[in-house]
Amino acid sequence: MKLSPTITISLCLNLALAGAAVHLLKQPVSRTPRESASTISEPITAPAVPCLTASNPPAPTTFVTNRFGWNVVEAEDLEQLATNLRAIGCPEKTVRDVVVARTRRGLDRLSRSAEPKLPFWTAGLRRAQAQRTAEGTAAVARAKILASVQRALGRDVFIEDGRLTEDFVEQAIVRFLSGPLAEEKFSQLAGLLARHKTQMDAVRAHTQGVLVEEDETALKTLGRQFRQELAAMLLPTELEELSARPAMMKLADDVRFDATDLSPADIREVAIIRAQFGDPMMGEWFEGGRLSDQQEAQAAMAIREFLGESRYAQFERAANGAFKTLFDLGRDNNLPPVAALQAFEVCQLTAREVARLREDNSLSAAERQQQLASVQTQAQTSVLKVLGAEACAQYLNRGGAWLTNANGL
Amino acid sequence: MNLRTKLSLSLNALLLGFVIWLTCAGPRPELRTDASHHLTRGLRAKPQTTPPPAASEPLPEVVAVSEAFNWAQLESANYHEYVANLRAIGCPEPTVRDIIIADVNDLFTPRVKALVDEVNGRFWELILQPDDFEKMIEFKHDQLRALEEERDELFTALFGESNPRSAENILRSAADRRAQWERIGDFLSEEKCARFVAAHEELERAWVDCSRTPGLTGSQQQAKCKELEAARDQSLRAGLTAEEYAELQLRQSPASSLCERLVGLDLSEETVRAVARLQFANTEAQAALPPKAADFKSRTAQLQQQSDEQTRELIGPDSFAAFRRATDVRYEPIYRVTQRLELPAATAGQVYDIRRQAEDAVHQVKADQSLAAEARRAQLQAIGAETRQSLSAAFGAKGLAAYENLDGGWMQQFTSFK
Chain D
1 MKLSPTITIS
11 LCLNLALAGA
21 AVHLLKQPVS
31 RTPRESASTI
41 SEPITAPAVP
51 CLTASNPPAP
61 TTFVTNRFGW
71 NVVEAEDLEQ
81 LATNLRAIGC
91 PEKTVRDVVV
101 ARTRRGLDRL
111 SRSAEPKLPF
121 WTAGLRRAQA
131 QRTAEGTAAV
141 ARAKILASVQ
151 RALGRDVFIE
161 DGRLTEDFVE
171 QAIVRFLSGP
181 LAEEKFSQLA
191 GLLARHKTQM
201 DAVRAHTQGV
211 LVEEDETALK
221 TLGRQFRQEL
231 AAMLLPTELE
241 ELSARPAMMK
251 LADDVRFDAT
261 DLSPADIREV
271 AIIRAQFGDP
281 MMGEWFEGGR
291 LSDQQEAQAA
301 MAIREFLGES
311 RYAQFERAAN
321 GAFKTLFDLG
331 RDNNLPPVAA
341 LQAFEVCQLT
351 AREVARLRED
361 NSLSAAERQQ
371 QLASVQTQAQ
381 TSVLKVLGAE
391 ACAQYLNRGG
401 AWLTNANGL
Chain V
410 MNLRTKLSLS
420 LNALLLGFVI
430 WLTCAGPRPE
440 LRTDASHHLT
450 RGLRAKPQTT
460 PPPAASEPLP
470 EVVAVSEAFN
480 WAQLESANYH
490 EYVANLRAIG
500 CPEPTVRDII
510 IADVNDLFTP
520 RVKALVDEVN
530 GRFWELILQP
540 DDFEKMIEFK
550 HDQLRALEEE
560 RDELFTALFG
570 ESNPRSAENI
580 LRSAADRRAQ
590 WERIGDFLSE
600 EKCARFVAAH
610 EELERAWVDC
620 SRTPGLTGSQ
630 QQAKCKELEA
640 ARDQSLRAGL
650 TAEEYAELQL
660 RQSPASSLCE
670 RLVGLDLSEE
680 TVRAVARLQF
690 ANTEAQAALP
700 PKAADFKSRT
710 AQLQQQSDEQ
720 TRELIGPDSF
730 AAFRRATDVR
740 YEPIYRVTQR
750 LELPAATAGQ
760 VYDIRRQAED
770 AVHQVKADQS
780 LAAEARRAQL
790 QAIGAETRQS
800 LSAAFGAKGL
810 AAYENLDGGW
820 MQQFTSFK
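These protein sequence lines are chains D and V, in that order.
Number 105 in this note's numbering belongs to position 105 of the first sequence; there are no gaps in the numbering.
Converting from the second sequence to this note's numbering requires adding 409 to each position, the first position being numbered 1.
Chain D on its own, in the form it takes in the complex:
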């Protein structure tokens, strides 16, 4: 059979193309750089089927797989580690957990190795000098680690973040003091708090415990930044609640609000006012911030204006140590609330009378003494009448020593 040149060429081409297709199909799979890096050619022999008596047994089959090994992603460098983990589809949360845990471990190692290697009896200036040098080196290493974490995870991740999830009690306290927040916002808040703490610690770290004006300014600036970031993150009502609750924690330690007629809304407003004069988030957040004497005075004036004279008097009394003692005593002895109030009034009247007698230069020493004794007797009678014998006896050992020594007032 004679074939035309066209069909001959076509058939040859068919053969060549078929050959090429078979070759391509048989070719080993191409690997992405990551895959080839991850390949660990570890032979795994297929489970052997018990060999019967075949005279012509099948050839043993060895599967060579690229079974994955951790050493493929392992890296000293945190940024590289994060990149490697992401490349194999590790969820961002897990990448973060691994990197943060390693960072903490690294920082811990660093702080434990920061002690300089010195001859045992080195002391004084030489020791201090060596310590300063070692601390400087450690600080550089620490900064390097933290910069690496930031590059690996972004600037909004801080190594303290995870601690809140580990300690359930602390987490609960922060939640309770933050007020109701959506979970996403709470996570952001936890991150912000962690970053704020890290930054404050960094300022304090180089002060050797000695805070100078610049440090105070730097801390205040950080506080302002923190507040601005909070304001950007939260609704005004959320921010108000977040400021008021920690401020109240400080107040609640000092003031027996249950001895006043104030409502929950009133005391919330008092806390909001107080928060305006200091920044509860400036120092230790849970402590509710500390106010300077001047700030305390300004806050008191504003609270007085809000409450009005009568209720402010209650508020002031509820913060008075002598009143709080009497209030607790009354409750312990199931006395009506008015009893503590009346006993406290007696105490105050007596104190005023004693002060007046002390200042009265027209009196001789003997006359003054006599009058003081008379005031004291009257006070004893009144308090005994108000508190009753049993509570009065207890009072003598619970802050009521003035009843037998009015001079002490």
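Hints should not be assumed to be uniformly reliable.
[Said to hold, decoys possible] Distance condition first, Cα-Cα at most 30 Å in a straight line; then the derived DSS-like pairs of lysine-lysine:
1) 117(D) / 601(V)
2) 522(V) / 250(D)
3) 549(V) / 185(D)
4) 185(D) / 197(D)
5) 250(D) / 185(D)
[To be verified] Chain D stretches covered by chain V per the calculated footprint, using a threshold of three residues with CB under 8 Å from any CB of chain V:
6) 4-10
7) 118-128
I should point out that these hints are in silico values taken from the structure, not numbers from a laboratory.
Yeah, the Cβ is synthetic: ideal placement off N, Cα and C, and Gly gets one too.
Put chain V on the given structure of chain D with help from the hints.
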């Protein structure tokens, strides 16, 4: 063109298209993955057995199985599986634990939130009811503790211990202690130092065993510990010279903390060691005094005086004055402020003297019974004003502010006197 030619040309086109597709598209990894994934999993799951030797060994067939790895292959809703998968790929144990700890903690987060949410809206109401507030806190605390216990049980099931980091922590503190012992024994030969460190580690292990021995009372345990310590000392003493043993005793005594307390002083190592030896001897001598003896106080004071005189003789009168100052707790904060503000070296001593003089003056005024209250108050205020002025001159306004912030409490005695 006949039919055969047409067919052949069509086949040309088809084959060409197929070859181009194979070249451009390449193999399909997802199919590969699925296939090899099942295969590899299957192989992993079955025990590996060695095939019995065949009569005539055919050539082994090698099949390359390629698998694109994805983290999802490790994850499992079952923590046991997740841990096993992580370990199977050689993930370091601390990292396995880091991953699982974080994951488990996250698992509990919504439950913590739920517990708080129950009372979150009652914050202001509870402030007005302190007793209820306290009860609520206690109740929530118990609930949170229960959650933590539940988590710890899960950790125990996964890692055999409620704190998955405890092994790591134990290793770390053991390494710290070892470094500490090595530092104490660094003057010994390598072999002797190793023996010293080993003896300490052995003693610690024995203490732990002793504390875990059931049925021993507290005093029995104490006696046993003393016995173990004595045996360790005896064995150490046998392998060391008398000087080496004495040096070890000194380095392990409280007197060795002198190195950390000599603020701002420049003494040679040999001098510091000699002073520490004097202090150690003094402490030993004081400890030997019967505490109930009538002259206990006077004899203690006498011993202290002797020790001071010996120290003065050893380091010279000038250095001794600096030594006394350097070990005075009042000096350390002053020194820190001068260091922080990079003030001249003499400033710290100057400020220290101002404080001492001021305190002496206050003491005298307070002790003077002839003074009326007003006069006493006026004198104290005058001392206070003068002291403040002197401090400000020495420290500068910035330094004084920092010092007051750090350790200014003592200055209140000028104004708070009744």
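Right, here's what the structure says about each hint:
no. : hint            : result
1   : 117(D) / 601(V) : holds, 20 Å
2   : 522(V) / 250(D) : holds, 24 Å
3   : 549(V) / 185(D) : holds, 23 Å
4   : 185(D) / 197(D) : holds, 18 Å
5   : 250(D) / 185(D) : holds, 25 Å
6   : 4-10            : holds (count 4)
7   : 118-128         : holds (count 10)
Hint compliance for this structure: every hint is met.
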